[in-house]
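S.K.: Starting from the structure of chain A, add chain B where the hints point.
Which chain is which? The protein sequence lines are A and B, in order. Just so we're aligned: 349 in numbering that gives the first Met the number 0 is position 350 of the first sequence, and the numbers increase by one with no gaps anywhere. Just so we're aligned: 245 in numbering that gives the first Met the number 0 is position 246 of the second sequence, and the numbers increase by one with no gaps anywhere.
A couple of the hints might just be wrong.
Pairs involving identical chains hold if they fit within one copy or between any two copies, as the list cannot separate such chains.
What the hints assert, rightly or not - Here are the simulated DSS-like cross-link-like pairs (lysine-lysine), alpha carbons at most 25 angstroms apart as the crow flies:
{"#": "1", "residue 1": "LYS222", "residue 2": "LYS304"}
{"#": "2", "residue 1": "LYS331", "residue 2": "LYS222"}
{"#": "3", "residue 1": "LYS331", "residue 2": "LYS304"}
{"#": "4", "residue 1": "LYS372", "residue 2": "LYS304"}
{"#": "5", "residue 1": "LYS331", "residue 2": "LYS372"}
Read the hints as simulated data drawn from the structure, not as lab findings.
Number of protein chains: 2
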Amino acid sequence: MTDAAARAAIVSVGDELLAGRVVDTNASWASARLREEGFPVALRLAVGDDEAAIAWAVRQAFDAAPVVVVGGGIGPTRDDVTRGGVAGALNAPVAEHAGALALIRATYSQRGLPMPAGSETQALMPAGAEPVPNGNGTAPGILWRGSGRAEGRVLIVVPGVPAEFRSMIESALVPILRARADRGGPPVSGAITLAGMREVDVGRTVADLMDRGRDPLVGSYPKRGRVVLFAESRAGGSEGARRVEDALAEIERRLGDFVVGRGDLLLEEVVAGLLLSRGLTVAVAESLTGGLVADGLVEVPGVSKAFLAGFVAYANRAKTQVLGVPEALLAKHGAVSEECVRAMAEGARARSGADLAIALTGIAGPSGGSEDKPVGTTWFGLADANGTVAARVVFPGDRAAVRAYARARAFDFMRRRLLGLPLFPPRPAP
Amino acid sequence: MTDAAARAAIVSVGDELLAGRVVDTNASWASARLREEGFPVALRLAVGDDEAAIAWAVRQAFDAAPVVVVGGGIGPTRDDVTRGGVAGALNAPVAEHAGALALIRATYSQRGLPMPAGSETQALMPAGAEPVPNGNGTAPGILWRGSGRAEGRVLIVVPGVPAEFRSMIESALVPILRARADRGGPPVSGAITLAGMREVDVGRTVADLMDRGRDPLVGSYPKRGRVVLFAESRAGGSEGARRVEDALAEIERRLGDFVVGRGDLLLEEVVAGLLLSRGLTVAVAESLTGGLVADGLVEVPGVSKAFLAGFVAYANRAKTQVLGVPEALLAKHGAVSEECVRAMAEGARARSGADLAIALTGIAGPSGGSEDKPVGTTWFGLADANGTVAARVVFPGDRAAVRAYARARAFDFMRRRLLGLPLFPPRPAP
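Just chain A, same shape as in the assembly:
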């Protein structure tokens, strides 16, 4: 770990992390954010609320990078050993900082509350460090900038509470990074979002482009039922941009209408955009997804013009009562059938007056599967002015996975229907 220019390292502190009680989303957020600012992360460490372990981790972090972010262990609760650990790593004594104490007093007086006894410990800082105001909590952060042999080193300590972690990095660290001469350029990269194809099949289709020796580097990651392919060039400037563009264009050529578009796109936003730009309305009828598809639409601000109504008809009785699926149809074909999903889609369209209605019914498991209708079997129905189409997909995985896949595919099918594309296009040759 000797390449120490224009790099950052992150130390996450907390027994709750090492116990697996919480997921370290702070480290991911900071990794992306520091990279954007030209300081890609070289190393992340997570240690418990243990002063010696924190001191050790901060030293390793500085061996790997001149910019170090430490998150956690300085909040208002009493497991507060990060200050001592950081001071140990810096070989600095700890003392009460008058400015930090003033910040804490001001926080309480603004809220009209007395400062609780013991709050003074939050004003303890390593010598030479400055307090970082905390707009969302009581604990000030700690900002230390090296001098002499440590010239160029920067350390920030922020609370582990995500809102405080993020806003204090933005307000106190990002301006310092932007002023540094060793700052790297932002990565020259681009992304393409794909839907309706598994990551492994995407990988086969572009395997040669993903060779590790190539520039740009092309990689893929699955994300909530879609796949994002990215291309990133080590070459800077226009040469890098040209290489990235060439790779993305080649990916688009090979993957055809599995491509949703450029960037890391949310299918929900793509579908809402198509509906809103065309002045169309939509209704949703859900069984196994139980409101997930409707919710995906509502996640998009401003969608109320397009989203007319959602019906969650999980039980058979609800399918009849709420959507008008005939009891005889359910008795003859069952709730997980092409006939039922067509009736659900048409019922939702008729009852809401929407231009497009989508319906889903399936078997999310863990029980309810059979040989001809295994767990994961999902029927999709789409009804619009051109008629009704239906499609069956069998999704792998457990209840949560099946429901998440079904939700994502529903948005891809809406996208396809709105664009006049077939629901199941021919697969590209690997």
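M.R.: The following block gives chain B in isolation, referenced to the frame of chain A:
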């Protein structure tokens, strides 16, 4: 980092982690799992797809703990440097392992597919290591057990794909841990789930119990709109269990009916359990939550007997058409009003025939707020045979936060209504 008995360490490998493209949920999962098996995690590291960095990280991991899990970098794509990095840390040469190659061939032949060229690289293993079968993918894992001076050390390398990561740790590592003499006991701990109170207020109410010097250690963490308090004793056996029980009983005494129950409970399951055990049915009418509450019910397997119908009425037109809210009422009071939420709840109950109906309408933001109805304002209505009650709460945060809080509170209000508790109980004194 010298306390090396009955501890584990985790090394996560992948450029996508350090770029912040994916969140390292594997590390959290493994942290909890290893701890359950008596090997609490002392250190986690994350490094990129870089052989030297991986080798360094594995060495640090072994300095901290005798059991090391390495995840990522051995999958079917071509960014495959973990093998070399691990071999470097072990000072072992790498060679093709006949057993590993046989596993790879068998995986493809079971699927009726030819083995792609280049798959042989997945059979490369450090000398002395054994392959770990991969039931969900093509890349075998690597299991290495030290001897001589390294006696007692165990290293497992598994793919970063979560399903493969988890199943291979279960199948190959857990049995080894269970056979070790240095295995610690499982933590003596207990948890209580709370709803309807913010974490900071919970903390104030039990601040003295959370003192870091005490045993059991009491901590809290927020989780999808509820708060979980846990107590964990360093004392083993019955003495530890007694201390944990005393702390939990004291917490229950102070927090009254904010307590949902013992354990890390899902409110959805608690509400579904109450409905099913009483033979009651429920309907949901949602605006700002757009299907999230209905979805919460459907997350619970077997809920179809109780969950009659969900209505997502985001636009005003839908509130009228789908739930029968009078247009005049909407014109006079607006959609975010006590009158509207009562009409929504009563409409959902009448149209579904459910015993209990809950309705939500509010302003999730980012726009739409006003001085008397700020962003976050949410009205809840509950209609049952005893009549209709309504409650207003203003939630903090952005669109996603407001919607998540509203969802959680809806389940707490259902719990309270089903148990005959007031929607807003008096707060306990701090």
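S.K.: Can you give the numbers of the hints that this structure goes against, from lowest to highest?
M.R.: 1, 2
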